[in-house]
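There are 4 protein chains.
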Amino acid sequence: MIIQFKTPVQEDVVNELRQKLEALPAQVFVIKNHLAAMGVKSYDLTAKEAAAIETVTFDDPSYTLGSRQFQPEDTVIELPHSKIGGNNFTMMAGPCSVESEEHVKRMAKVVKEGGATVLRGGAFKPRTSPYSFQGLGEDGLRFLREAADENDLDMITEVMDVPHVEMVAKYTDIFQIGARNMQNFSLLKAVGKTNVAVGLKRGMSATIDDLLNAAEYIASEGNHNIFLIERGIRTFDNKYTRNTFDLGAIPVLQKLTHYPIIADPSHAVGEWDLVQPMAAAAVAAGAQGEIVEIHDDPEHAFSDGPQALKPKNYLRMTKEVFALRDALANVEGVCRD
Amino acid sequence: MIIQFKTPVQEDVVNELRQKLEALPAQVFVIKNHLAAMGVKSYDLTAKEAAAIETVTFDDPSYTLGSRQFQPEDTVIELPHSKIGGNNFTMMAGPCSVESEEHVKRMAKVVKEGGATVLRGGAFKPRTSPYSFQGLGEDGLRFLREAADENDLDMITEVMDVPHVEMVAKYTDIFQIGARNMQNFSLLKAVGKTNVAVGLKRGMSATIDDLLNAAEYIASEGNHNIFLIERGIRTFDNKYTRNTFDLGAIPVLQKLTHYPIIADPSHAVGEWDLVQPMAAAAVAAGAQGEIVEIHDDPEHAFSDGPQALKPKNYLRMTKEVFALRDALANVEGVCRD
Amino acid sequence: MIIQFKTPVQEDVVNELRQKLEALPAQVFVIKNHLAAMGVKSYDLTAKEAAAIETVTFDDPSYTLGSRQFQPEDTVIELPHSKIGGNNFTMMAGPCSVESEEHVKRMAKVVKEGGATVLRGGAFKPRTSPYSFQGLGEDGLRFLREAADENDLDMITEVMDVPHVEMVAKYTDIFQIGARNMQNFSLLKAVGKTNVAVGLKRGMSATIDDLLNAAEYIASEGNHNIFLIERGIRTFDNKYTRNTFDLGAIPVLQKLTHYPIIADPSHAVGEWDLVQPMAAAAVAAGAQGEIVEIHDDPEHAFSDGPQALKPKNYLRMTKEVFALRDALANVEGVCRD
Amino acid sequence: MIIQFKTPVQEDVVNELRQKLEALPAQVFVIKNHLAAMGVKSYDLTAKEAAAIETVTFDDPSYTLGSRQFQPEDTVIELPHSKIGGNNFTMMAGPCSVESEEHVKRMAKVVKEGGATVLRGGAFKPRTSPYSFQGLGEDGLRFLREAADENDLDMITEVMDVPHVEMVAKYTDIFQIGARNMQNFSLLKAVGKTNVAVGLKRGMSATIDDLLNAAEYIASEGNHNIFLIERGIRTFDNKYTRNTFDLGAIPVLQKLTHYPIIADPSHAVGEWDLVQPMAAAAVAAGAQGEIVEIHDDPEHAFSDGPQALKPKNYLRMTKEVFALRDALANVEGVCRD
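Protein chains in written order, with the UniProt record's numbering: chain A, 1 to 337; chain B, 1 to 337; chain C, 1 to 337; chain D, 1 to 337.
Keep in mind the hints are simulated off the structure, nothing from the lab.
Going by beta-carbon spacing under 10 Å, a handful of chain D positions derived as facing chain C:
{"no.": "1", "residue": "Arg234"}
{"no.": "2", "residue": "Lys239"}
{"no.": "3", "residue": "Phe245"}
{"no.": "4", "residue": "Ile250"}
{"no.": "5", "residue": "Gln254"}
{"no.": "6", "residue": "Pro277"}
{"no.": "7", "residue": "Ala284"}
{"no.": "8", "residue": "Ala285"}
{"no.": "9", "residue": "Glu320"}
{"no.": "10", "residue": "Asp326"}
Backbone N, C-alpha and C define an ideal beta-carbon position, used for all residues, glycine too.
One chain only, chain A, in its complex shape (with noise of 0.2 Å):
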């Protein structure tokens, strides 16, 4: 059930209300004049309810907090040098992993001529084969901070599992949760608790709703800084590209959910060369953001070479991705609501 109180709203109603719905017992949140109450399928309001109350609907979808019905303006998440969501377009970069402290600054560096606000990079890597190389571990979170910090760029970095939680969120702005790990539930509590902003990755089988119920594992236990990644599914097609973009996602996504929806076309296609149409495809899409791999020498990159975009493509991709942003922006007369 969600509710929607008429404004201003009345806060003695909406406790009462809170008080007697968790009385039932159901799971309730309120976040400005919208008040959500789990699994509750049918009530029966007071007169004095009634009247505080602009609407009440029971077809909520299961991912209720983050729903457009529970919350119809976009989320917005304030970092110290980026907003992600709203109007906002924010561009993210980095090398695949953290492999010295030397080459992550000079990456750094790249990523912030590009125009991007946030530096990537992982310092522990979920690797198909345990043999390929793991990350950095601690050094690495060190390592991209710093360089985040001497380039004023927030950071984003994966975290892996329960236990490194605590630790990585005392280096990063930001955890990404990576598509293998989209549907480890405990993980997703556990970022859940904490105060720090969440990249959700889509799993390369997940479908739209399941990506929505996995942000709302994070959102039902209090954080609601929350961002959905597209980085492309699994499908018979994976000849010429490691995935398959789905870009409609996008649109699809916006309707239904107020978090922001960033695009990763590196991952999506996996060959450097196409990374760049990838990216126009996926502002003129209409995401709120992209984050993509590069290096200065992909061939010896540690990891994911073939998808990274040495630095002058990198240059080339930003500029003509703002160009496409700010083109959309200013066609007269056309809107898409």
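Assemble chains B, C and D onto chain A, guided by the hints.
Only chains B, C and D this time, still in chain A's reference frame:
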């Protein structure tokens, strides 16, 4: 085997070589300064031949004629009112089905107003159920031809089987081969024997290679006026969109083949309100044109109503698409090679 | 609308009702004590009609004629040497392509020895590339017919297009419609106008409903001698097997339709050493028959060599399949209804 | 690199070689007469080594320890009441969730009656929505342990995260790693450090190689008591079945790996009335066991009711499966090698 001759081409060498190869026997094709001999995996050049030849390669793909190795430069199809391919951008639009003379003529005016140069409409409809509307047949072709002519538009319409090829050719500028017939090899050969342009739709589970091999069936019969249509593939992700729009296929195809690539956002997503962002994404991805469905009364359309754009939304979409196309062409110092 | 009449059926009521429904207009089909009127969504029975009728339902699926609602009992197709459907189990085998008179006759003897009653072989081959072997044409049909006759076998062969239907019908007992032509609706209608049995292969991305609607195209033209062939679907999982054998489709289809379901493990997996376990799995899943490819020299087969069973492996496979079939029939007290 | 030593193995050569390889450095594993050195791509044998060695191969797959090259003979896991792998066939059954002490004990009796030797049940449930029943936690583990012990059954239950590994290990004979956690690499490493057997479920979009690499994470930590569970993959074909049961994966895996392969028809199809034919298909395909869900009141099950077999259907299913298993073993002169 593909042979690239030095220019100016020595025609006598080409002709002698052709005869020798055909005597092997092998199917031989010559276009400009390239010769392809199908299935030939080794060949010892004479001194005279060697002197006239630039390069010989034996690792051409199975879709030799469609490959960039055989024809490096883009195919450009010239029609009375349109050029398709190369740096041209071609908008195609119209109703899913030709419903009546009056209706298709009304829609054609809207099509023209949006800047399209090709009118689409189905007179023979491949419907999932035999009890659904199957099209107006030859009457539909005539109505569509007249509607196109009255508005200085070219015409594209689907041909569904071999016995209809000759008749449909009397009316149309472009044959459309539908997704369900992409590997109807008899039909591909039949349209390959005509000189009418062919728009070949990707099948819903066709790989990139399948699509290029299907095009090869047309080309190997002598018809090289071919363009390819990306219209979405079938994946697990089918609750909110009819198919998954595989925009990554556009730059992939442009690396492999010289044929123009046209995007069909209407069938790709199947929901009208997703067509505008997906049409924008397609032009940003590098599509050389789009084909979309419109209807002024979608609820009562004879077929595919949910994905049809109303006229005002069609005009808004084309305005945005052309603006993005301009922006893309004008980003200073940014190219994609 | 499906009407089930009381038995014995009052023919005059049926005929009057049929005329009234056809005048609506609606397409009407009557088989035994069931009448289907396509697209009719409401109808007021007269008292006389009501007295003669057992049940009326308006929620028939779009594949009405193929549904269990319209025909509860299994379809059984009777051929000179085989019964297909119901409690019968039919083995079909042969080379992928008819390669020569001598070869197909040699293979036919092996087919017979393994207990099969239907000989398969392609004379017109739908190949991905136009430069691959396309079949022997009408010569191939004649060789296959003779090979079948000499061994008291029925014959199944693929028909690829409308102009060939009449000619192929002169030779074969069963038309095979290939996976790539499953939605070649013109071809489906053409074979529907004959009285030759049809084996309809599931398309590689066809849903269960797509397959049943394709069968309906055949049935709605008057030919009810149809069986369905599960031959694997296209999924992401394509490194070790050509397709994914969808054995769950067998019991699903048996709930929905009365047509026999035949399994094609050869195309489903594409590797000969997986054919025996998959053939065993198919019979255990309830398939009413199998169709497999054999060759005595797979390395030099004209097509699909990797999936062909050598004669001794074919004989081993059929022995196991028939043993499992017996075991399944004889588990005391176990039924599957 | 995999080295196979001559037998009897010269332990001193093995130990010296091990030290040299570890000094490279490389991870080294020795089991019986096989040694694997991860990532070593060339090595010059001394004369003494060469004399003690049968074969050296450098083309081992990334899942070296799980490969047939490293261990040709089947892994057999020995538990108090069950042997899993090799020629053994192991039935595992139980409710999806442990719902109460009384209920799970009632179900355990049914499980035993059907010939199963392992009791399944979830105490920690990975649910798509955070508002769904999440399991009874440690109480559930205790109830399940008691229910198993009272019926002389082994116990399998899911462990969802690293912090729970130690606690769950106190109760269970087998850890289940769920499909959503198949690439939760931290969890895989954690269970790899225990000596509790592990049943690893294939992820819903995991390739065969992904699955084997996931198992390698467990094995590389020292735990080799691993079996793999095929439980269906996600495809476009999802109207009538929850997933697509990929039975072809069973013989494919048996070629590649020595780990036992268990089939989970319940999750694969998601509908109880399809479980019996699919369980039969799995045993015919060569599965070395099955894991199925049962419930005496599926409509009120706390989770996954639609796929649960009622007791009488479970007993019918196991009877059929064991009969097919016998039939398969007894087909005279038929083997599958």
